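Chains as they are written, first to last, in the numbering used here: chain A, 4 to 135; chain B, 4 to 135; chain C, 4 to 135.
It should be emphasised that the hints constitute simulated quantities derived from the structure, not laboratory data. These numbers were taken from a predicted model, which means no experiment stands behind them. Do not take every clue at face value.
Note that identical chains are pooled: a pair holds if it fits in a single copy or bridges any two copies.
Straight line, CA to CA, 20 angstroms or less: simulated EDC-like cross-link-like pairs of lysine to aspartate or glutamate [unchecked claim]:
(1) LYS34 / ASP58
(2) LYS34 / ASP67
(3) LYS107 / GLU5
(4) LYS71 / GLU5
(5) LYS107 / ASP24
(6) LYS71 / ASP28
(7) LYS107 / ASP67
(8) LYS107 / GLU17
(9) LYS107 / GLU134
(10) LYS71 / GLU36
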Amino acid sequence: MELFQIKVQTTKREEIIDITDKIQDIINHSKFENGLCRIFVPHTTAGITINENADPNVKIDFLDILKKLIPQSSNYRHIEGNSDSHVKASLTGFSQTVIVQNGKMLLGTWQGLWFCEYDGPRSRTVLIALER
Amino acid sequence: MELFQIKVQTTKREEIIDITDKIQDIINHSKFENGLCRIFVPHTTAGITINENADPNVKIDFLDILKKLIPQSSNYRHIEGNSDSHVKASLTGFSQTVIVQNGKMLLGTWQGLWFCEYDGPRSRTVLIALER
Amino acid sequence: MELFQIKVQTTKREEIIDITDKIQDIINHSKFENGLCRIFVPHTTAGITINENADPNVKIDFLDILKKLIPQSSNYRHIEGNSDSHVKASLTGFSQTVIVQNGKMLLGTWQGLWFCEYDGPRSRTVLIALER
């Protein structure tokens, strides 16, 4: 298992950043041909999912739907004002696994890897483990 | 790692199809005894989860609850009319991993693998990776 | 792959139990140094996620937010009174994977492993697979 990490700088409280190219770059540079690529987010108010990378409006709708479901302000007990962010992160998930074949991630036509910031702006870390 | 794929034909906009038997068939045919079975959905409006395979009403309630939470029509920006499907798919997730022991998936008594269609009817693909 | 299991006794209908230490104990006892630790919940009304282990209020808010989103009572078809639990479990997820390096799980500073009971009190099982 080879371990890498990348930094993601977010600029808003809620923001989706497509990191597909950054992950593919790591695969290319390590000459990783076949196996599994695992991506981990070591945070509790940011997550990672897979979704459409074509129309940027899908990202906007995604964040709007989550915001409507889980409002930022309510009678929360946690006093840091980010209880919504913790829940959104868990529902999104903290890791994704992608099959790599002949040096390319086996993603569907419309699939991209979305880093989901729910309590930014922050400087975030993403771990990548490649398993031959 | 051995890679397989199956086709799933869905017949409604929202539909849950238990694919546990199809996955077990692949394990049987490849004489896979011990290791991990990974299942991937390479789409952005369909997902995969694990849930009860006994009472079919659990599937109906599941889809109804999601539909009530995330309505199909709202002030969405994405004009294809499936913003709800994208969010439901991400909340469901796009991959599951199951331990295989002595040729059988280590699922709980009530667990089955649910293919979750959120924007059908469509012809869908599911990828299966077996790791010894 | 080495396989272990632990028991988790829950005491309420909805409850989050941090099982990070129990998992680390298994890693310590098996002298597992580097690889992946996978955790599986073989149930359909309990799940596992990763979230903050510092302020216990995050757990309370988490359960309250889910309860408000998915009420226990509604016009559900499934007559066991736990349709909400099935959906909450699927949205939480049934497995997590963590990288282990030098005998320690590579979790973020605030991350802990949360066993999420949504239909307790029950005696639950958690499977742990260590892959060198």
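Hint check:
In this assembly of identical chains, LYS34 and ASP58 lie within 20 angstroms of each other by CA distance neither inside one copy nor across copies; the values are 31 angstroms within and 42 angstroms between. For the identical chains of this complex, LYS34 and ASP67 are neighbours neither inside a copy (39 angstroms) nor across copies (46 angstroms), given an alpha-carbon limit of 20 angstroms. Both within a single protomer and between protomers do LYS107 and GLU5 lie at most 20 angstroms apart by alpha-carbon distance, with minima of 17 angstroms and 16 angstroms respectively. Proximity of LYS71 to GLU5 under the C-alpha cut-off of 20 angstroms is found in neither arrangement, the shortest distances being 40 angstroms within a copy and 42 angstroms between copies.
When the C-alpha separation of LYS107 and ASP24 is checked against a cutoff of 20 angstroms, the pair qualifies only within one copy, where the shortest distance is 11 angstroms, while the shortest distance between copies is 30 angstroms. Proximity of LYS71 to ASP28 under the C-alpha cut-off of 20 angstroms is found in neither arrangement, the shortest distances being 35 angstroms within a copy and 40 angstroms between copies. In this assembly of identical chains, LYS107 and ASP67 lie within 20 angstroms of each other by CA distance neither inside one copy nor across copies; the values are 32 angstroms within and 37 angstroms between. In this assembly of identical chains, the alpha carbons of LYS107 and GLU17 never lie at most 20 angstroms apart, being 29 angstroms within a copy and 31 angstroms across copies at closest.
Taking the shortest alpha-carbon separations for LYS107 and GLU134, both the intra-copy value of 14 angstroms and the inter-copy value of 19 angstroms come in at or below 20 angstroms. In this assembly of identical chains, the alpha carbons of LYS71 and GLU36 never lie at most 20 angstroms apart, being 42 angstroms within a copy and 43 angstroms across copies at closest.
Violation of the numbered hints given earlier is confined to hints 1, 2, 4, 6, 7, 8 and 10; the remaining hints are satisfied by the structure.
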